[in-house]
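Mind docking chain B on chain A? Use the hints.
Protein sequence lines correspond, in order, to chains A and B.
The numbering of the first sequence is this note's numbering, which starts it at -4 and goes up by one.
The numbering of the second sequence is this note's numbering, which starts it at 190 and goes up by one.
No wet-lab data here; the hints were simulated from the structure.
Please note: incorrect hints may appear among the correct ones.
Unchecked claim - Pair ranges (Cβ atoms, derived): (1) A:VAL334 <-> B:THR491: 18 to 24 Å; (2) A:LEU184 <-> B:GLY416: 49 to 55 Å; (3) A:MET29 <-> B:TRP252: 24 to 30 Å; (4) B:GLN370 <-> A:ALA229: 26 to 32 Å; (5) A:LEU291 <-> B:GLN334: 41 to 47 Å; (6) B:ILE260 <-> A:VAL205: 48 to 54 Å; (7) A:ILE224 <-> B:GLN334: 30 to 36 Å; (8) A:LEU46 <-> B:GLY359: 54 to 60 Å; (9) A:ILE182 <-> B:LEU301: 35 to 41 Å; (10) B:GLN370 <-> A:ARG308: 31 to 37 Å; (11) A:ASP165 <-> B:THR248: 46 to 52 Å.
What the hints assert, rightly or not - Listed next, the in silico SDA-like pairs over lysine to any residue satisfying Cα-Cα at most 20 Å (straight line): (12) A:LYS341 <-> B:PRO492; (13) A:LYS341 <-> B:ILE385; (14) B:LYS355 <-> B:ILE385; (15) A:LYS341 <-> B:LYS355; (16) A:LYS341 <-> B:THR275; (17) A:LYS341 <-> B:TYR493; (18) A:LYS341 <-> B:LEU276.
None of these values were measured; they are calculated from a predicted model.
Every residue, glycine too, gets a C-beta built ideally from N, C-alpha and C.
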Amino acid sequence: MTLINRIHPRLLPLLSPLIAIVSALIVGAILMLMAGANPITAYSILFQESLSTYFGFGNTLTKMTPLLFASLGVLVALRAGQFNIGGEGQIYLGALGSTLIGLYVQGLPAVIHIPLALLAGFFFGAVWGWIPGYLKAMRGVNEVITTLLLNYIAVNLVSYLVQNPLMATDAPSPYSPLIAKTARLPIILPQSLAHAGILFGLITAGILWVLLVRSPLGYQITAVGFNPIAARYAHISVERTIMLVMACSGGLAGLAGSCEVMGLKYRLFEQVSPGYGFDAIAIAFLSRGSVIGVVLTSLFFAALRSGANVMQRSAGVPITVVYAIQGFMVLFIAISLAVEREIRVKTQRNAKV
Amino acid sequence: MNHLNFFSDYLIATLRLAVPLTFAALGGLYSERSGVLNIALEGMLLTGTFTSAVATFYTNNPWLGILASLIAGGLVGLLHAFLCVTLRVDQLVSGLAINLVAAGLTSFLARLVFSGSSTQQLPGIGTIIIPGLANIPLIGPLIFQKDFLVYLLFILVILTTYILFKTSFGLTLRAVGESPQAADTAGISVLFVRYIAVIISGTLASLGGAYLALVQVRFFAEGMSAGKGFIAIAALIFGRWHPIGSALACLLFGATEALQLRIQALGANVPYQFLVMLPYAIALLALAGFMGKSTPPNALGTPYFGQNRHSD
Chain A
-4 MTLINRIHPR
6 LLPLLSPLIA
16 IVSALIVGAI
26 LMLMAGANPI
36 TAYSILFQES
46 LSTYFGFGNT
56 LTKMTPLLFA
66 SLGVLVALRA
76 GQFNIGGEGQ
86 IYLGALGSTL
96 IGLYVQGLPA
106 VIHIPLALLA
116 GFFFGAVWGW
126 IPGYLKAMRG
136 VNEVITTLLL
146 NYIAVNLVSY
156 LVQNPLMATD
166 APSPYSPLIA
176 KTARLPIILP
186 QSLAHAGILF
196 GLITAGILWV
206 LLVRSPLGYQ
216 ITAVGFNPIA
226 ARYAHISVER
236 TIMLVMACSG
246 GLAGLAGSCE
256 VMGLKYRLFE
266 QVSPGYGFDA
276 IAIAFLSRGS
286 VIGVVLTSLF
296 FAALRSGANV
306 MQRSAGVPIT
316 VVYAIQGFMV
326 LFIAISLAVE
336 REIRVKTQRN
346 AKV
Chain B
190 MNHLNFFSDY
200 LIATLRLAVP
210 LTFAALGGLY
220 SERSGVLNIA
230 LEGMLLTGTF
240 TSAVATFYTN
250 NPWLGILASL
260 IAGGLVGLLH
270 AFLCVTLRVD
280 QLVSGLAINL
290 VAAGLTSFLA
300 RLVFSGSSTQ
310 QLPGIGTIII
320 PGLANIPLIG
330 PLIFQKDFLV
340 YLLFILVILT
350 TYILFKTSFG
360 LTLRAVGESP
370 QAADTAGISV
380 LFVRYIAVII
390 SGTLASLGGA
400 YLALVQVRFF
410 AEGMSAGKGF
420 IAIAALIFGR
430 WHPIGSALAC
440 LLFGATEALQ
450 LRIQALGANV
460 PYQFLVMLPY
470 AIALLALAGF
480 MGKSTPPNAL
490 GTPYFGQNRH
500 SD
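Next comes chain A alone, as it looks inside the complex (with noise of 0.2 Å):
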């Protein structure tokens, strides 16, 4: 207790979040040994691939974009108290929507095509979020569940698009034609895959971080995460700050399947988000409702993944640790999460007495 009570207020919410990290760590690190390899080595080799290599660090930036996209979908629901586990879903509609006016907007400019191809993933995605935000505030149906859902219906419907009318012609394996090269956006480090969609959701989390933080809005929506019932006595409308804020967030995860067919594959195809949505979910999570947590969170995330592929050619260990990692810090969060609370509540009674 003394331990606790020491430590500056302000730091305790980084502690539970770097007590998980660690050990995730170590557990991947038991792993690794179970898997013959030399756990020093094996991580060594990953975080240098990732960040301190030229093309490893374009590559993490390309992970980097569609997790911080969605991951601050994530969040802004989570401020008003609402879990969306849609963002695959919501990843695919995104994707659906840049995809299309990719294709079939053609002959404008770079600097409107881009804005309105964007702008369109948003949409689609804020559909997509916006119905189990209308089925949460209006029905009362968990949004959990229903966000869940919609993920196979998006994911199925992407399927049938681009097996069907949206198909290339000739093509071997199910995907769209190539977008319109007005509408892709432009590399940031040559000859590597790092595109600007990064710079663009860096901008979206500082206008996220002003607008949470700053503003009347994000008290409102604060307001209706912590206490809905108060806050409908200060005359805020708990329903439709549902129904916005779900809506925003399934956008800003539309933002995230934007990116990876604007920056990086230009064309839709079956397998848009190898699971960006679940992760997601896991980096709001770990970063315990700050925007700047998501920032770093999901670059320590992208790193893990692209830094895994030579860390399983050099160390002989296989990726999948990587998400066993990722898991397990998401478990040892929630304990340290519901530790921590423990020990304020016991503080807190104790200086009552």
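Just chain B, lined up with the frame of chain A:
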């Protein structure tokens, strides 16, 4: 005759595909009726698949595989209960964490154990033919020429209905899920009941996983549960948290999956994706109240803090 065979084959496939879903949905039922949200069904199913495959791979005895999956599933249930009931972690987060860990860990361990990402063919459990009844046309092959796990499932669906609505344990379980406060006042240990319910949940879901590995496909591949745990949750909702309703919903989902597989196998130019979507769309409509109200247990998802801690 040919049409009859096709129909009979189709029904058999439907049942086969519905079995793992129904195990998982029944598992979910116990947990959710006690008020503990169980998104972890997916991870529990996968755990059951993996452990039964590993144990069978090493011992060459599928019965030990089933036993291993029961133990592993029970342990995962225990973990979920510990997180949700004792630590009062957000139940959704706990479920997601378990799913992520199960997916990562089983994929990783599969590469170590099977020195590849999947096994070769595993020995399965045999079919038990019920004399006499098995010869009834259509119904015989469908219901009376099955393996141990399917018979067990038939019994479990009926037994669960009985337990839930006719025994004091069932009453207790429902009370804890509807109004933990009142149950506590009546002297029921909310904690204990929820622990038991979630552990049962884990064992049942992982039996579904064992069926997947030892009967349905007879090998293990990474991520083999492929969202079946989530379909089971949809079936649970669609079946209105009732054992028979949920089992019927699982059959419906099995039927659409079987149809989709047939359409794909025939190479017909029909968009099978809409069939795949169907169960999810139905569950969504059911939830939204377009097919009559599907009301979850009142205390679902809320941790119980006990009598003297309202202020938390």
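These are the hints, each one checked on the structure:
For the pair VAL334 of chain A and THR491 of chain B, the beta carbons lie near 20 Å from each other, so the given range of 18 to 24 Å is met. Our hint of 49 to 55 Å for LEU184 of chain A and GLY416 of chain B is violated, since their Cβ atoms are close to 36 Å apart. Taken as a hint, the range 24 to 30 Å holds for the pair MET29 of chain A and TRP252 of chain B, whose Cβ atoms sit roughly 27 Å apart. The beta-carbon spacing between GLN370 of chain B and ALA229 of chain A, approximately 28 Å, falls within the hinted interval of 26 to 32 Å.
With their beta carbons about 58 Å apart, LEU291 of chain A and GLN334 of chain B fall outside the hinted range of 41 to 47 Å. At about 52 Å, the CB distance of ILE260 of chain B to VAL205 of chain A agrees with the hint of 48 to 54 Å. A hinted range of 30 to 36 Å is violated for the C-beta pair ILE224 of chain A and GLN334 of chain B, which are about 58 Å apart. Judged by the Cβ atoms, the range 54 to 60 Å given for LEU46 of chain A and GLY359 of chain B holds: they are separated by roughly 56 Å.
Checked against the hint of 35 to 41 Å, the C-beta distance between ILE182 of chain A and LEU301 of chain B comes to roughly 39 Å, which is consistent with it. Checked against the hint of 31 to 37 Å, the pair GLN370 of chain B and ARG308 of chain A fails, with Cβ atoms roughly 57 Å apart. Remark: the range hint 46 to 52 Å for ASP165 of chain A to THR248 of chain B is upheld by a beta-carbon distance near 51 Å. For the hint pairing LYS341 of chain A with PRO492 of chain B, the CA-to-CA distance comes to about 18 Å; that is within 20 Å, so the pair holds.
For the proposed pair LYS341 of chain A and ILE385 of chain B, the alpha carbon gap of about 28 Å is over 20 Å, so the pair is violated. Taking the CA atoms of LYS355 of chain B and ILE385 of chain B, the gap is about 18 Å. The hint holds against a cut of 20 Å. Under the criterion of a C-alpha separation no larger than 20 Å, the hint pairing LYS341 of chain A with LYS355 of chain B is inconsistent with the structure, at around 42 Å. A hinted pair counts as satisfied when its Cα atoms are at most 20 Å apart, and LYS341 of chain A with THR275 of chain B qualifies at roughly 16 Å.
Taken as a hint, the LYS341 of chain A and TYR493 of chain B pair is honoured in the structure, with Cα atoms around 18 Å apart against an allowance of 20 Å. For the suggested pair LYS341 of chain A and LEU276 of chain B, the alpha carbons sit about 14 Å apart, so the restraint of at most 20 Å is met.
Hint compliance for this structure: hints 2, 5, 7, 10, 13 and 15 are not met, and every other hint is.
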